[in-house]
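Line by line, the protein sequences are chains A and B.
Here my numbering is used: the first residue of the first sequence is 1, the next is one more, and so on.
Here my numbering is used: the first residue of the second sequence is 168, the next is one more, and so on.
These aren't lab readings, by the way, just hints derived from the structure by calculation.
Glycine included, each C-beta is placed from N, C-alpha and C at the ideal position.
Treat each hint with caution, since some may be false.
To be verified - Calculated cross-link-like contacts (lysine-lysine; reagent style PhoX-like; alpha-carbon spacing at most 20 Å): (1) A:100 <-> B:776; (2) B:254 <-> B:228; (3) B:227 <-> B:275; (4) A:100 <-> B:773; (5) B:532 <-> B:312; (6) A:22 <-> B:510; (7) A:147 <-> B:776.
Unchecked claim - Here chain B is said to cover these stretches of chain A; the calculated rule only asks that three of the stretch's residues, wherever they fall, bring their Cβ under 8 Å from a Cβ of chain B: (8) 16-26; (9) 94-103; (10) 138-147.
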Amino acid sequence: MTKEQVNHIQETRRILKQFSRKRGNLIPILQEVQGKLGYLPREAMLVIAGFLGIPAIDVYGVVTFYNQFRLNPPGKHSIRVCLGTACHMKGGYIALDAWKRRLDIDSGETTPDREFDLDTVACVGCCTMAPVTVVDDKPQAQVEPTKVDGILLSFELEKEKASKENL
Amino acid sequence: MKVDELSTITAAFQGIKERAESRWQKLWHSGQPVILVGTATCGRAAGSLEVLQTLRDEVKKQSLECQVIEVGCMGYCYTEPIVIISKPGYPSIAYGHVNPVIAERLIKEFILGDNPCLEFVIGALEKNEFVPSFSEFPRAEYEQKIILKNCGYIDPEQIDHFIASGGYEALVKVLGMPPEEIIDEVKKSELRGRGGAGFPTGEKWEICRHSRGRPKYVICNGDEGDPGAFMDRTILESDPHSVLEGMVIAAYAVGARYGYIYVRAEYPLAVYRVQVALRQARELKLLGKNILGSNFSFDIELFQGSGAFVCGEETSLITSIEGNPGIPHHRPPYPAVSGLYGKPTLINNVKTLTYIRHIIENGAKWFAAIGTEGSKGTAVFALAGKVVNTGLTEVPMGTTLRQVIFDVGSGIPGGKCFKAVQIGGPSGGCLPESALYLPIDFDSLSKAGAMMGSGGIVVLDEDDCMVEMAHYFLEFTQWESCGQCTFCRLGTKQMLEALGEITKGKGKIEDIDMLAELAEDIKAGSLCGLGKTAPNSVLSTLRYFRDEYEAHVKEGRCPALMCQELIAYYILPKKCERSCDACVGTCTVEAISPNKDRIKVIDKEKCVKCNTCLVACPLQYNAIVKFSPPDQVPASR
Numbered sequence: 001m002t003k004e005q006v007n008h009i010q011e012t013r014r015i016l017k018q019f020s021r022k023r024g025n026l027i028p029i030l031q032e033v034q035g036k037l038g039y040l041p042r043e044a045m046l047v048i049a050g051f052l053g054i055p056a057i058d059v060y061g062v063v064t065f066y067n068q069f070r071l072n073p074p075g076k077h078s079i080r081v082c083l084g085t086a087c088h089m090k091g092g093y094i095a096l097d098a099w100k101r102r103l104d105i106d107s108g109e110t111t112p113d114r115e116f117d118l119d120t121v122a123c124v125g126c127c128t129m130a131p132v133t134v135v136d137d138k139p140q141a142q143v144e145p146t147k148v149d150g151i152l153l154s155f156e157l158e159k160e161k162a163s164k165e166n167l
Numbered sequence: 168m169k170v171d172e173l174s175t176i177t178a179a180f181q182g183i184k185e186r187a188e189s190r191w192q193k194l195w196h197s198g199q200p201v202i203l204v205g206t207a208t209c210g211r212a213a214g215s216l217e218v219l220q221t222l223r224d225e226v227k228k229q230s231l232e233c234q235v236i237e238v239g240c241m242g243y244c245y246t247e248p249i250v251i252i253s254k255p256g257y258p259s260i261a262y263g264h265v266n267p268v269i270a271e272r273l274i275k276e277f278i279l280g281d282n283p284c285l286e287f288v289i290g291a292l293e294k295n296e297f298v299p300s301f302s303e304f305p306r307a308e309y310e311q312k313i314i315l316k317n318c319g320y321i322d323p324e325q326i327d328h329f330i331a332s333g334g335y336e337a338l339v340k341v342l343g344m345p346p347e348e349i350i351d352e353v354k355k356s357e358l359r360g361r362g363g364a365g366f367p368t369g370e371k372w373e374i375c376r377h378s379r380g381r382p383k384y385v386i387c388n389g390d391e392g393d394p395g396a397f398m399d400r401t402i403l404e405s406d407p408h409s410v411l412e413g414m415v416i417a418a419y420a421v422g423a424r425y426g427y428i429y430v431r432a433e434y435p436l437a438v439y440r441v442q443v444a445l446r447q448a449r450e451l452k453l454l455g456k457n458i459l460g461s462n463f464s465f466d467i468e469l470f471q472g473s474g475a476f477v478c479g480e481e482t483s484l485i486t487s488i489e490g491n492p493g494i495p496h497h498r499p500p501y502p503a504v505s506g507l508y509g510k511p512t513l514i515n516n517v518k519t520l521t522y523i524r525h526i527i528e529n530g531a532k533w534f535a536a537i538g539t540e541g542s543k544g545t546a547v548f549a550l551a552g553k554v555v556n557t558g559l560t561e562v563p564m565g566t567t568l569r570q571v572i573f574d575v576g577s578g579i580p581g582g583k584c585f586k587a588v589q590i591g592g593p594s595g596g597c598l599p600e601s602a603l604y605l606p607i608d609f610d611s612l613s614k615a616g617a618m619m620g621s622g623g624i625v626v627l628d629e630d631d632c633m634v635e636m637a638h639y640f641l642e643f644t645q646w647e648s649c650g651q652c653t654f655c656r657l658g659t660k661q662m663l664e665a666l667g668e669i670t671k672g673k674g675k676i677e678d679i680d681m682l683a684e685l686a687e688d689i690k691a692g693s694l695c696g697l698g699k700t701a702p703n704s705v706l707s708t709l710r711y712f713r714d715e716y717e718a719h720v721k722e723g724r725c726p727a728l729m730c731q732e733l734i735a736y737y738i739l740p741k742k743c744e745r746s747c748d749a750c751v752g753t754c755t756v757e758a759i760s761p762n763k764d765r766i767k768v769i770d771k772e773k774c775v776k777c778n779t780c781l782v783a784c785p786l787q788y789n790a791i792v793k794f795s796p797p798d799q800v801p802a803s804r
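Pulled out of the complex, with its shape left as it was, chain B reads as follows:
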């Protein structure tokens, strides 16, 4: 690149940056309070939009000089809706479980008065004298936020916020570098694809760079279909520009002209925020023709996935963009050689692309120093299921599962026992307690029978039945199978039927071996990752929890008291309180009525086993129990 072209780029960006920074300064240092409300999907589900409305109404009503802005998700989803208030003279304080009533109080007592309402505080953003900060939380010792750093702190719909926090600087830097040097840097960082398979990113870029064929494409794979995973969604909703910046850098490195960002239609907010981000980037010439006045042109189109899990597989994602049913192809040729419309196509996951700007800015050495021998950098996990601190976390590779679940996630709620952890979604597997010492990286997890997948961690406790769990995942993959390969199409169906019989207590002992055998055949006989990994849930549960399968088959008993056909609800007459009617009122099918002694009795014929009564029964009586097998229930009087 010529020197004068480089100076045009730098000058163009300087102007953009100065404007962004002055707006950022004005927001934070004008002496007025700033209120941030987390309105990513998780916040909205918890009611953050009502909180936002209340705050705006109050600010207007009291005619306050105070900015209320929307931000993404900080990852502390268990305490949504979250509101952060930054008032001059105080540290920035985050409040959790905010509802409209609390929001009103915050305005009246903290913004107007001087009471920071400490009873609702989760933590402060920076270290200070009187409120514990997030960096002092026990979990902070294990976390290291790289790609989640901006999430929850900037307004995703304002490009200025992103630029003021250092955004698009990596892009300016690479525009002055030869593409080979960028690829070299990414290779040296040893970044591996975060979509699941863990292919070295730099190598992929190099193959694409050297492939003939024009035009080349860059695709960002945001078809996060794993049930139980939501980190791509969070990044797209909270910090969309960091993904776009990664894409533009990738395009420059491989020599691509067009790009697609493929987002699931089930994520309407992510779709919307990406659209806004694309528009803003184009306005500032960070995207489109002659980016920042250079000779490099690249534009991105948003493509909405239409709800097919198999489209997370790269070849079927490409067929889907071409307007066909998303059926995978044989590889090789890999998309990097022949992909979209037969042209070289670089396809990377959302998280992989988000790492790029950090690697360019901080250098490959910095990145390669984090993590383990074969897996560098951090891993982003979505913690869900039976764990106290549900939400997102980012930890260095090599952190153990125990640390993630018990130290970051604060363990199992309700004093229950840990039973298993399901990693990697339907393609992954269930690992027992003995695997908790395992360091999390690409290789050790696959050895144990699970996989990193895209990073969903679902914690299971003593109330979760492993056979049911395997049935659930297989049901999912069976339904999502595209039907191309016979083993995947018919084999998973056979396995599902056998599992279904087992959960109903009608299984035969030879079914268990048949499942294991068929599972191996399906793995061998399927073309794409979906079929190859579909039986993993069954294989891993068989490997670690075979006794549960046997209890179902031999005794017709579900040890976890979960399989509906194998349980019955019963009210212990000795514990039932005569004056209490909690269960009668809540029963959704009117199956509970008092007998002549006013002891409540469940009508087994009517009961739909919805668990409502068990939850409703006051703790001090705790009279409702589940029995398995169902014939254990004593005859009612």
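Next comes chain A alone, as it looks inside the complex:
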């Protein structure tokens, strides 16, 4: 077992202490664990299944049913392109294309350097700001291809600044 896996198991066990062994707690537990680890690794799911006394396949079934749960580690920055109706009409799909092109990954993937992960979301309810992209939990209004470049540039500048300060 790798060090990371051991760490995942410890974190999961720590979170489980807040919960009773009730099946109804499965989704709240998964949400909490994902909130901590960023995704749901296999070893964490096994620990949860053991804790609730249910087959591991049941945990896996719930994880794969709901859109919120992810099985891959996330990037440092999360990019969620809203594809609600209003965003779609105002070019959300064009924004998604732009993100895909710039990050060179498909929706649901993480960049190889684990800097960004790209995903779509059904609707964040900011329909009047369409097209919206949620960048690191902050909804950004009117994200068109040029703004995609702008957002990426700002991350790059931030990174540069940080690396300079570290020198």
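Mind docking chain B on chain A? Use the hints.
Here is chain B on its own, set in the frame of chain A:
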């Protein structure tokens, strides 16, 4: 209920109310200015948190005696971020599109000086001599705010604000009433569920009340999954206590002990504000054991949905709370008889529950006097898409679509033509211009092929392709299908493939009839509302816009110039200005370059059709056009 118990309740509430009112008075009548900043999700997306920070910093820097508080959303989302300033001697004035620079000016010129900065004003809250008030706006003639009344005017994170504006009084009133009487009142109001199906609320309560089995549950369905709908979010973010009050009243009426409020995890702010509200209500004993000292106990737990559209369906929502994949069940038995853990469960939508306190306070007669024959009360709509005044509105049932879109929403921006309106999200349908006279209520919309759904209205203009639209909605429902029923799982997939081919210009004419046929089969062969309504978008567009389908199939042409495979961008050499490089600079893939005459030319191989150049081309040249079919583009020189 015994008389002394009733007096304990009234006395307990009196204390709470007095404290809330004195705080409210202190806020508004202490002779100091008050600044309200709308920080619901829509405001935050527009940058209201930066505005809030600037205001707080300025107040501190100038050491002003001035309160800056956060409020929810007023529904005028098109002009977010909104700041309301209430300064003694002036009416309360709302400012729109505020950014940090304007915020600083407001402090320096209005709070410190005497210039109310009229150039940024949207309107005043109350009638006055010199600034037009919201009640004098043309749209106010059509609007009637009941459940949105508090939104944007009170701090959702302070229970005192809610109580001072009359909150929890309905709860105190019902605690002295026999449950049957409450149910009777709700029945008489003829309130119908606002989640989409429109089932009479009072009847549901009665069934649940008479069901055996303990404990009973009350669930508030806040799994607002329709893309294009955001009224539940706004209510939960702006006025969470009114939902909680409705739940407690419902629980008392049906005899429930536990409740769940199911909120989408995609709404983190709503989740947070509901948590705060639950905590505050518990502290004041408005929730929990022995509410206000009575014998009635009820507590609510927040449950976060995990992003499955089908969980808006009540039986799958219940399975989801039980910790399973949200797969719907057969009904009957209805949840009111056998729901969560097999116990009687009352499940109502956020808006339905929000109406309850108003019905209890103002009486069933008052409520039943609003609206139409079969649909009483008001309807809350989220206006989005190609409409000027995007945002929320609340109008009496029976208002026509034309009034909502053109009078409340101020019509289509950019001088474009209205084409269709999509109502009810993926389950609803697209209605053409001829349907604009339709009064909005549960029955007339379903007759026309759409449905009220949860109340999302998306306006489409001439640039929107109806086939693409149908494809978009079907893609959504197909992806969200839980996979239980074969027709829904495989049928929607087949339809989606056929539609995809049509949008690429590769469709066959017989595909159109196949779509209509398959749509009917899916409706018949699916268990839950998702499958039964999934083909609606295709059926309604086929019914009203068949010519567009035929143009795609027969001519390989997208009349709205939207389907990417069927269009090409072209720069008109005669209009292109030699000295201008706007498109070259903005092109995200470097597909545009000047030719030897310095006329710009698009490289068709590189172009990704992102529309950036068309937006960037200055209006006075307007040189970039779209062609469909793409082979219409003249050969470049």
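Hints, verified against the model:
no., hint, result
1, A:100 <-> B:776, "holds (14 Å)"
2, B:254 <-> B:228, "holds (19 Å)"
3, B:227 <-> B:275, "holds (12 Å)"
4, A:100 <-> B:773, "holds (16 Å)"
5, B:532 <-> B:312, "holds (17 Å)"
6, A:22 <-> B:510, "holds (17 Å)"
7, A:147 <-> B:776, "holds (16 Å)"
8, 16-26, "holds (count 5)"
9, 94-103, "holds (count 4)"
10, 138-147, "holds (count 7)"
Going down the numbered hints, you'll see the structure goes against none, and every one checks out.
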